[in-house]
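Protein chains: 2
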Amino acid sequence: MLAPMDGLARTPPPPYWAVVFTSRLSGADPEGYAQTAQRMERLASAQAGYLGLESARDGTGLGVTVSYWKTLEDVHAWRDVLEHRAAQARGRDTWYAAFELRICRVESARSFEA
Amino acid sequence: MLAPMDGLARTPPPPYWAVVFTSRLSGADPEGYAQTAQRMERLASAQAGYLGLESARDGTGLGVTVSYWKTLEDVHAWRDVLEHRAAQARGRDTWYAAFELRICRVESARSFEA
Numbered sequence: 174m175l176a177p178m179d180g181l182a183r184t185p186p187p188p189y190w191a192v193v194f195t196s197r198l199s200g201a202d203p204e205g206y207a208q209t210a211q212r213m214e215r216l217a218s219a220q221a222g223y224l225g226l227e228s229a230r231d232g233t234g235l236g237v238t239v240s241y242w243k244t245l246e247d248v249h250a251w252r253d254v255l256e257h258r259a260a261q262a263r264g265r266d267t268w269y270a271a272f273e274l275r276i277c278r279v280e281s282a283r284s285f286e287a
Numbered sequence: 174m175l176a177p178m179d180g181l182a183r184t185p186p187p188p189y190w191a192v193v194f195t196s197r198l199s200g201a202d203p204e205g206y207a208q209t210a211q212r213m214e215r216l217a218s219a220q221a222g223y224l225g226l227e228s229a230r231d232g233t234g235l236g237v238t239v240s241y242w243k244t245l246e247d248v249h250a251w252r253d254v255l256e257h258r259a260a261q262a263r264g265r266d267t268w269y270a271a272f273e274l275r276i277c278r279v280e281s282a283r284s285f286e287a
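Which chain is which? The protein sequence lines are W and H, in order.
Going by the numbering used here, the first sequence runs without a break in its numbering and finishes at 287.
Going by the numbering used here, the second sequence runs without a break in its numbering and finishes at 287.
Think of the hints as simulated: they come from the structure by calculation, not from any bench.
If you're wondering where the values come from, they're calculated on a predicted model, not measured in any experiment.
Hints are not guaranteed to be accurate.
Note that the list lumps identical chains together, so a pair holds whenever it fits in one copy or between two copies.
[Claimed, not checked] Straight line, CA to CA, 20 Å or less: simulated SDA-like cross-link-like pairs of lysine to any residue: (1) Lys243 with Gln208; (2) Lys243 with Ala282; (3) Lys243 with Val192; (4) Lys243 with Ala262; (5) Lys243 with Gln220; (6) Lys243 with Asp231; (7) Lys243 with Glu204; (8) Lys243 with Thr209.
Use the sequences and the hints to build the structure in full.
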């Protein structure tokens, strides 16, 4: 399951888990970053417990990416996937000037469609 | 307290609350939307329990905005602010093609700065 066409994740009723990853790019190695980001999105979507992903990055290099997971154990398992670990290390070394990562339990949710 | 210069919110240690608002703009009334979005950001930052805000919108009109709050009561109080209620109604009528709103309890967090 990849992100739907409009970029909104249609998740099941709560509770479930959200990983909010807010980052500012350093500007170094933009091609490597873009390629790896795409690869990680595809890899995440193949993990157990993956429920969806929403991601936006503006023209200044600020991005907010939220991935959704069935359980906290699924969140931790994704964090520990070897190829993901390698990408995280490259992120700290090269791609990110700063980030904030928050693990959250989704308690309630609401959808709107015009 | 407005969003810091780099767009990342420096929040206190968990637990606290996050409102994840993911939206796709309809494209209607972009000036009204931009003006109201800026006003709501300023208004939110003046509410009790406000801890910060992170927001990115890409060139396709997909945005992810996360606001952080001390308690769930603070989240509900902000939802019910009259001027915010009016903006929400205009959002559904005019500005948004679709959105997902999720209320989450932040359980753990991590920061990185290069």
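* To do: Give the relationship of Lys243 and Ala262 under a CA distance limit of 20 Å: within one copy only, between copies only, both, or neither.
  => neither (25 Å within a copy, 31 Å between copies)
* To do: At 20 Å max between alpha carbons, let me know whether Lys243 reaches Thr209 within a copy, between copies, both or neither.
  => neither (24 Å within a copy, 35 Å between copies)
* **Same-copy or cross-copy closeness of Lys243 to Asp231 [CA-CA at most 20 Å]** => neither (28 Å within a copy, 27 Å between copies)
* **Within, between, both or neither, where Lys243 and Glu204 count as close if Cα-Cα is 20 Å or less** => neither (32 Å within a copy, 39 Å between copies)
* **Alpha-carbon proximity between Lys243 and Val192, which holds within one copy, between copies, both or neither at 20 Å** => Both ways: Lys243 and Val192 sit 11 Å apart in one copy and 18 Å across, limit 20 Å.
* Asked: Under a CA distance limit of 20 Å, which applies to Lys243 and Gln220: within one copy, between copies, both, or neither?
  -> Classified as within: same-chain Cα gap 11 Å, cross-chain 32 Å, threshold 20 Å.
* To do: Up to 20 Å between alpha-carbons, please classify Lys243 paired with Gln208: within, between, both or neither.
  => So Lys243 and Gln208 fail the 20 Å test inside a copy (27 Å) and across (37 Å) alike.
* Go through the copies and call it for Lys243 and Ala282: within, between, both or neither, with a Cα cutoff of 20 Å. => both (14 Å within a copy, 19 Å between copies)
Checked against the numbered hints above, the structure breaks hints 1, 4, 6, 7 and 8 and satisfies the rest.
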